[in-house]
Amino acid sequence: MRRRYPTQDHPLLRIGLTAVAVGVIGLFLLFPLATVFSEALSKGIAAAWEALKEPDARSAIRLTLLVAAIAVPLNAVFGIAASWAIAKFDFRGKQFLTTLIDLPFSISPVVSGLIYVLIFGLQGWFGDSLRDANIKIIFALPGIVLATVFVTFPFVARELIPLMTDQGRDEEEAATSLGASGWQTFLHVTLPNIKWGLLYGVLLCNARAMGEFGAVSVVSGHIRGLTNTMPLHVEVLYNDYQYVGAFTIASVLALLAIVTLVLKSLLEWRYADEIAATHRH
Amino acid sequence: MSAVGASRWRNPSALPGFGLSLGFTLFYLSVIVLIPIAALIIRPWSAGFSGFWHVLSDPRVLAALRLSFGGAAIAALINAITGPIIAWVLVRYSFPGKRILDALIDLPFALPTAVAGIALSTLYSTNGWLGEPLSHLGIRIAYTPAGVVLALTFIGLPFVVRTIQPVLTDLSREPEEAAATLGATRFQTLTRVVLPSLMPALLTGATLAFARAVGEYGSVIFIAGNIPAVSEIAPLLIIVKLEQYDYAGAAAIGVIMLAASFVLIFALNLLQNWIGERR
Numbered sequence: 001m002r003r004r005y006p007t008q009d010h011p012l013l014r015i016g017l018t019a020v021a022v023g024v025i026g027l028f029l030l031f032p033l034a035t036v037f038s039e040a041l042s043k044g045i046a047a048a049w050e051a052l053k054e055p056d057a058r059s060a061i062r063l064t065l066l067v068a069a070i071a072v073p074l075n076a077v078f079g080i081a082a083s084w085a086i087a088k089f090d091f092r093g094k095q096f097l098t099t100l101i102d103l104p105f106s107i108s109p110v111v112s113g114l115i116y117v118l119i120f121g122l123q124g125w126f127g128d129s130l131r132d133a134n135i136k137i138i139f140a141l142p143g144i145v146l147a148t149v150f151v152t153f154p155f156v157a158r159e160l161i162p163l164m165t166d167q168g169r170d171e172e173e174a175a176t177s178l179g180a181s182g183w184q185t186f187l188h189v190t191l192p193n194i195k196w197g198l199l200y201g202v203l204l205c206n207a208r209a210m211g212e213f214g215a216v217s218v219v220s221g222h223i224r225g226l227t228n229t230m231p232l233h234v235e236v237l238y239n240d241y242q243y244v245g246a247f248t249i250a251s252v253l254a255l256l257a258i259v260t261l262v263l264k265s266l267l268e269w270r271y272a273d274e275i276a277a278t279h280r281h
Numbered sequence: 282m283s284a285v286g287a288s289r290w291r292n293p294s295a296l297p298g299f300g301l302s303l304g305f306t307l308f309y310l311s312v313i314v315l316i317p318i319a320a321l322i323i324r325p326w327s328a329g330f331s332g333f334w335h336v337l338s339d340p341r342v343l344a345a346l347r348l349s350f351g352g353a354a355i356a357a358l359i360n361a362i363t364g365p366i367i368a369w370v371l372v373r374y375s376f377p378g379k380r381i382l383d384a385l386i387d388l389p390f391a392l393p394t395a396v397a398g399i400a401l402s403t404l405y406s407t408n409g410w411l412g413e414p415l416s417h418l419g420i421r422i423a424y425t426p427a428g429v430v431l432a433l434t435f436i437g438l439p440f441v442v443r444t445i446q447p448v449l450t451d452l453s454r455e456p457e458e459a460a461a462t463l464g465a466t467r468f469q470t471l472t473r474v475v476l477p478s479l480m481p482a483l484l485t486g487a488t489l490a491f492a493r494a495v496g497e498y499g500s501v502i503f504i505a506g507n508i509p510a511v512s513e514i515a516p517l518l519i520i521v522k523l524e525q526y527d528y529a530g531a532a533a534i535g536v537i538m539l540a541a542s543f544v545l546i547f548a549l550n551l552l553q554n555w556i557g558e559r560r
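For the record, the sequence lines run as chains R and U. Residue 1 is where the first sequence starts when you use my numbering, and the numbers rise one by one after that. Residue 282 is where the second sequence starts when you use my numbering, and the numbers rise one by one after that.
To be clear, the hints were calculated from the coordinates, so they are not data collected in a lab. We put the beta carbon where it would ideally sit given N, CA and C, even for glycine. Some hints could be false.
What the hints assert, rightly or not - Below, a sample of chain U positions facing chain R; criterion: calculated Cβ distance under 8 Å:
# : residue
1 : R291
2 : L358
3 : Y498
4 : G506
5 : A510
6 : L545
7 : A548
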């Protein structure tokens, strides 16, 4: 028998560990994914198509797209501003500011929704004055947008801060010393350097914005056809025993997750040097 | 030149836009994150400390907190065992389909929690693909605390794998070779040379998985069955209290969860410093 190289594992150990890994990933990750699609198609593709055409499903899809279209650009602009300040300048409290920006990732989604109910809800800080002014924030679009902005808050910033810090400030300083204005420097020097990182952050931000459940669940009120996003509509249908409908909407969200993963892998593979998050999450 | 003059708390810079970018950052951060969190922190004290204590000493609340923290701890422990094995297989071995397996690890990150929740619940219910064979063995997972742990393990797995993977990739093989040359068995090398160097990453990953699991809601509530004091998690109880317009009660549980988040952030920072010192 050929001798093994000393840092190679025994073939039996190798087979055993690979079996454990494949087993865990298969049973634990692949099976749930397969369940989603198989349940959606359990009554045939026509039934699934019908479920998608249903007015409440349509309105849930529209609301989800609308919320993401507001929340993602807001957090992208914030991410660019925050990383410009943190990466291009030296000031005290930088580390603390970065920790604060990451804060929403560590907070339970339900608590993320709760904080806005405590401010804008009926018994919240501004509850009475909002009711008198006839402005609805909780159980309406603004609340859903706020909760979504909160849970997706750090995505773009935490990608761009390490990336722009690594890139330093020499190129920008050269541009300004040659007479470029701040905006010109940003548009023609910084933006081309960070575009793939920005896209990476936006991609993850968007996936979470469209899929967020807990935080939105607290502030939405679950009004069918009005304040239900896609994940909330999945819950409503599932609790109503409308499994085909629930799993059809769920498979649209699962497809979104798969597309996100594919694009994410592509960006990590193709532009590994131009994004910072290749090794972090 | 910068519109804001150089002051003592920052170094001068030739680049413009400091005032604007930092100003917007602080404004947005305050409006979206800091002020709402402050609203949560001051809310439960309207009835004094005794009111706060009254909420938390309710057996139902205690049971929910115990389940959320205990379940998250068990799930993190399970991931601390399977995570390194998966990371090892993905980094050190090569076999067909490895890239796809590797990409699948991120699924719990990308899949909306409600989708994961109904999928796990269907899969492990007594007539599901996995629940049925298990029920013949007398094991019930859906609608029991075991279901909660299962869902929390699901969402925590990528944190452990993805924290260990890069460390393992960068790990030099020389110490392993040295250990083998000095007569160590492969098992000794793995447990005494490789594992200790993975320890900081393993601890970090497990802590991240724990932090995520403590507050997890969407993937848990469908499979949990949500029986009060048995399989009801703390985040769900916050929603129950909100539905009863018990804002102070909801805020009291929220403050406990928030405090746990702060402690975990602090622990993770300590871990990072420890790793930094080892390098």
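Which hints from the list above does the structure break, by number from lowest to highest? Hints 2, 4, 5 and 7 not satisfied by this model.
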